[in-house]
Structure formats: structure tokens, C-alpha cells
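So the chains spell out like this:
There are 4 protein chains.
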Amino acid sequence: MAETTAHRPALVRTRYAETDQMGFIYHSNFFAYFEIGRCELVRATGMTYADLEMNGIQMPLKECGAQFRRAAKYDDLLAISTRVEVLTGVRIRFGYQVHRIAAGAATHLAEGFTDHLFIDRSGRPTRVHKRPEVWPALERLLALDTFPALDPDALAATADALLR
Amino acid sequence: MAETTAHRPALVRTRYAETDQMGFIYHSNFFAYFEIGRCELVRATGMTYADLEMNGIQMPLKECGAQFRRAAKYDDLLAISTRVEVLTGVRIRFGYQVHRIAAGAATHLAEGFTDHLFIDRSGRPTRVHKRPEVWPALERLLALDTFPALDPDALAATADALLR
Amino acid sequence: MAETTAHRPALVRTRYAETDQMGFIYHSNFFAYFEIGRCELVRATGMTYADLEMNGIQMPLKECGAQFRRAAKYDDLLAISTRVEVLTGVRIRFGYQVHRIAAGAATHLAEGFTDHLFIDRSGRPTRVHKRPEVWPALERLLALDTFPALDPDALAATADALLR
Amino acid sequence: MAETTAHRPALVRTRYAETDQMGFIYHSNFFAYFEIGRCELVRATGMTYADLEMNGIQMPLKECGAQFRRAAKYDDLLAISTRVEVLTGVRIRFGYQVHRIAAGAATHLAEGFTDHLFIDRSGRPTRVHKRPEVWPALERLLALDTFPALDPDALAATADALLR
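Chains as they are written, first to last, in my numbering: chain A, 1 to 164; chain B, 1001 to 1164; chain C, 2001 to 2164; chain D, 3001 to 3164.
Each hint should be verified, as a subset may be incorrect.
As the list claims (entries may be wrong) - In silico DMTMM-like links for lysine to aspartate or glutamate, alpha-carbon gap of 25 angstroms or less:
no., chain 1, residue 1, chain 2, residue 2
1, D, Lys3073, C, Asp2115
2, A, Lys73, C, Asp2075
3, C, Lys2062, D, Glu3085
4, C, Lys2073, D, Asp3051
5, D, Lys3073, A, Asp151
6, D, Lys3073, C, Asp2145
7, B, Lys1062, C, Asp2075
8, C, Lys2062, D, Asp3075
9, B, Lys1073, C, Glu2053
To be clear, the hints were calculated from the coordinates, so they are not data collected in a lab.
All chains should be built: construct the whole structure from the sequences, respecting the hints.
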């Protein structure tokens, strides 16, 4: 298990495969972007989502939703900001904001949430706060209850270094 | 433009490509299933969604949501029931129910909604009730405001004839 | 295990989610269509692909390829014809043809193949011809080594009964 | 149009949405990874694929193929190396290698190719070497005919700075 890392937006470059014939990113892809956001948020606790699964914890969705303000397009650089909105022993709810990063500015495109149950390998709900192998890391999510700061210039520079 | 057809659930066989490593259908695929449901609902008016686009009308999403009761799995036969919940000149909202059809029974897996704007080719909102080339067909959607009857035996028989 | 069924093309209605901003079906979706074709071919033996997995047999890809003659578009009705090109105890290769069915005619859009290994739950290659719980069904695939007949009118009628 | 950038592997973190119930990344996603590779390769010429489309040039697939040596899994960090294998006025072929980057080492997972036609907005083949608005940039692709060097430590460090 690694040490904890910074809480920051996840960066995603939209793919041609994700466009539709309106020339927009097809809406269901935002739920895959949200997934990237929450995986990176979990990683910031020092435990990855893959570690959680290896410990027999899975997090199927109970509910999800999204609101779209402006369309995303092909080759957009998106920042996915994620926070924990609810965390109990049996359930977790994440909130998301998606911004397009371009020309030194962040444009708010969409927001949403996903609500998850914690289940064990048998598919039954499990109480994660009674699981000492995962709770210390998961508990750190409680502190990640606000969206991280969004610095378009820094994000564009980081993206430059990697994604282009 | 074809004549109107029956209002009935759309049938979908889940794909291996849609599973995830929990052994469930990944949740974002339900939004593609919802899309099949509303396309078939629009087709029941005698005008297809493709016809709408050829008339310069597009329907990007404003909002969507889903609730999951039970997981769908690989090779499940799903019935997607769709109804119109709101239709004004500028906006349409569809509601969805997803059932698994197996052994003569229908199991309720999920429900959801999508909220759409009507826009024209320039990307601006358009008033469809003032477009005589599309409104007569779209107006028929107003009558499709309840979920169609769900007959598991009939659906399984139809699926047998085609999907297996 | 069900009885064997007819060897016939699988029918697929293309989805809006599968389009790209060229207005075509994004090419990688053809591999999901191929998957539908081979699943229906396996089903014709009286054993489903899901049954195979329950017997501990999985079929990951070793290789795949596709050639595209004409683009598929949104709302196209596609017929996926599948045949077995190679079947040994450790490996299976399927061939595919994709046609668009419209106006009583079939237009050849694409063809391809997928090459699979048989592995067991531990991830190791397994010899399926020594597995009496699956071989009698799999062996029936040897007879499915030609593409099924393609009757556009019959396919359109079947699709009418179900997919629209 | 931006200046040219380095020719280097593109980095991709696999998504949960891309797994299947074998616990592997579903094979068709590799074609989306290849797309990321070639988009970044085109970007290295100083012209993006989006710029090409704005100049009326599209690149639909004529053929594609992939060979899989080892499975990719959830949360893998992948390096997509891309080169140009053929470039004429009417056609371009890209080659790809995919490696998993972990623990300071690169493991070869897959390789493949995509073969594209250049077409114009009317859907007809076009001769890009006679289009002065795009050829100077495209011509730079001719020099990108070998796979870039693969330095696992540098890639892991870059990924650390961004993707986790």
C-alpha cells in the first residue's frame, strides 16, 4: 500500500471513440470519466480501488445521475474533480464536476454523482468500518469532502507534459 | 415516413463487451439501453430518430439518472420499457424501466430517465411544435405516457424467434 | 443445456452510442458485433458461452482483424454471419461477415476474424476435447464451417417483428 | 497550428469500464488505445487530428488487426507506441505496440495496425499530398516510421506526476 497522494482533479483527453454523430461526446462516457475521478480519489488515500477488490470489497452502483451544461467535444482536455459526499460503513456517494481546460480557462461542462454499496465477494452488503484491512485507508476519504482547487494553467502544463 | 407501430418494450441481449470484472453489466451501458428504448418509442410514432436528424432536429441530453435494484449479467435478455414523461416544444423527458426476462418471469433491475433539449443544426434550442415537418409525429409521443404492458412469455417467444 | 438451434445470421440494430463524429459506426464496435455473432453461433450447439464459462472454460483473444468495405451508420439493421474456421482442442478461430439489410437487399459492409485460446479458471491453456462436459457441444461447431444463407426479406421480416 | 512535439509513447490508464468478466481488458478497447496512439503521433507533427478534420480531411478505417500476447488488467498503466508504416497521398497505415509499465519494467502486451483512407467531406477519397493546407504537417509523419524509445522509469515518473 502506497503513501497518500494529493487530492487533485484527474485529467482526461476525450477520445474519438467517445464522440457521436452530433459531434459531441456521447453522454454515457461521462460515467466512465466519473469512474476515473473516483479511482484517483481513492488512490489519494494510499489504497487503490484494485487493492480494495483484492481485499474482497466491491462497490457496485446503487444510483447515479448527471447534468450537462455544455457539450464536450473530441480532443478536449477535461478535469474531473471528485469529492466524497456520504461515507458510512455500508455506502459511499461521490460528487463530480467536469471542466474543459483550454486557453488558460476552465469551463464547467457537467456535474454528477454516483452512489455505491459496499459488498463482499458473495455479493452481500458488508460493513467496511469493521474491516481493519481497508477502513484506515477508506476513512481518509472522509477528509476529501470538498472539490479540489482547479488551476487551469497548472493543469494545462501538466497535461502538456504528458497527454500531448 | 412509415405508419405508426405498437408501443412495446424493446428487447436487448446483454453483450460480453458490456460486462465488468465484478461479473456485472457496467452501469453506464444502461444509458445505451435507455437510448434503444427511446429510439424504439420514437419509431412507434411512424418517424424515426434518424428522420428527426434529417429534418435538422437533434436531442442532446440535459440531464439523466438511473437507479439500480439488481445487477444485470452477461447474456441476460432485457426488456426496456419507455414512456414520455414531459414533452413541450423545447424539451422532452423519457422514463425507463429495465426488466430481466427469464423462465417466464420479469425481474425489475433498474429504472431511470433522460431529459433532452431540442436543438437545430446550429446548436440552438428550437421549438419543435412550430415545425410542421416533425410535430405531427412527435405529438403522437404525448399518448405514450405510460409504460407498455410487459408479458414475459410473449417477450421470451419473440426473443427466441430472433435473438437466440 | 438446451437443444441445438438453427445456424443463421445474428441481427443487430446499430446504436447512437456507437456512432462517431464522422457519422459512421466507430470501427471498434464491429468487434462487439462479431462477439454477438460467435455467441449466437455457440448457442446453436445447444450450449451457451455462459455455460462454457460455468464449466470453467474461457476464450480470450489471441488475434483479431477486420476489413471495412462500406461504413455502417446509425439505425442500420446489420446481419452478422459467423462460421468456425479452425477448431482444435486448444484454439478456435471464427470468421465473420457483416451485411446491412435494407429495402430487400443485403450490402456487404465488413468481414473479419477472431482467434481464441481455450483457458481454464487458472488462466492456463486447456484441452477442450478432453473435457466431456463441454466437448460434445463444442464438437458440433465443426459442422458450422460455412456462412449461413442470407435471406434479406426473411431477415427484415424477423427484425420487423422484434427490433422495430 | 502548434509547433512540433516529441515522438514518444502515449500513456493510458485502463478503466474499470473497459474490463470484462474474465477480469481482462476487453479486446476491442485496444483499438481505442491505438486511436490515442495515432492521435498523439499526429499531434507531434504540430497539427492535430481535429485540425485535419477542420480542413475537411477524415481518415476512416479500411482495415485493422491486433495480436494479444498477455492480457491487460484494470488500473494498468499502458504505453502505446505508434509509428507510420505507410503514407501515400491517399492512404496511411499506423503500427502499434502496447506495453504495461510497472515496477520499472515494460511488458509487451499487444501489437497491431490500422489502415486508413483519406476522404473529404463528401466521403470521396482525396489526395492529401495535393492539399497545401495539410500536407506540410502530414509529411512530417514520414519521419515517424520507427517506434519511439521506451523508458519505463521515465514513463512511470511522468505518469506519477499526472495520472495517479
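We went through each hint and held it up to the structure:
Proximity of Lys3073(D) to Asp2115(C) is assessed by CA-CA distance (about 20 angstroms); at most 25 angstroms being required, the pair is judged to hold. For the proposed pair Lys73(A) and Asp2075(C), the alpha carbon gap of about 22 angstroms is at most 25 angstroms, so the pair holds. Between Lys2062(C) and Glu3085(D) the CA atoms are separated by roughly 23 angstroms; this keeps the pair inside 25 angstroms, and the hint holds. A hinted pair counts as satisfied when its Cα atoms are at most 25 angstroms apart, and Lys2073(C) with Asp3051(D) qualifies at roughly 24 angstroms.
For a cut-off of 25 angstroms, the pair hint linking Lys3073(D) to Asp151(A) is broken: about 32 angstroms separates their Cα positions. In summary, the hint linking Lys3073(D) to Asp2145(C) is not supported, as the alpha carbons are separated by about 33 angstroms, beyond the 25 angstroms threshold. Proximity of Lys1062(B) to Asp2075(C) is assessed by CA-CA distance (about 23 angstroms); at most 25 angstroms being required, the pair is judged to hold. Between Lys2062(C) and Asp3075(D), the direct Cα distance comes to roughly 21 angstroms. Compliance with the 25 angstroms bound is thereby established for this hinted pair.
Distance hint between Lys1073(B) and Glu2053(C) is fulfilled; the C-alpha atoms sit about 13 angstroms from each other, no more than 25 angstroms.
Of the numbered hints given earlier, the model fails hints 5 and 6; all others are met.
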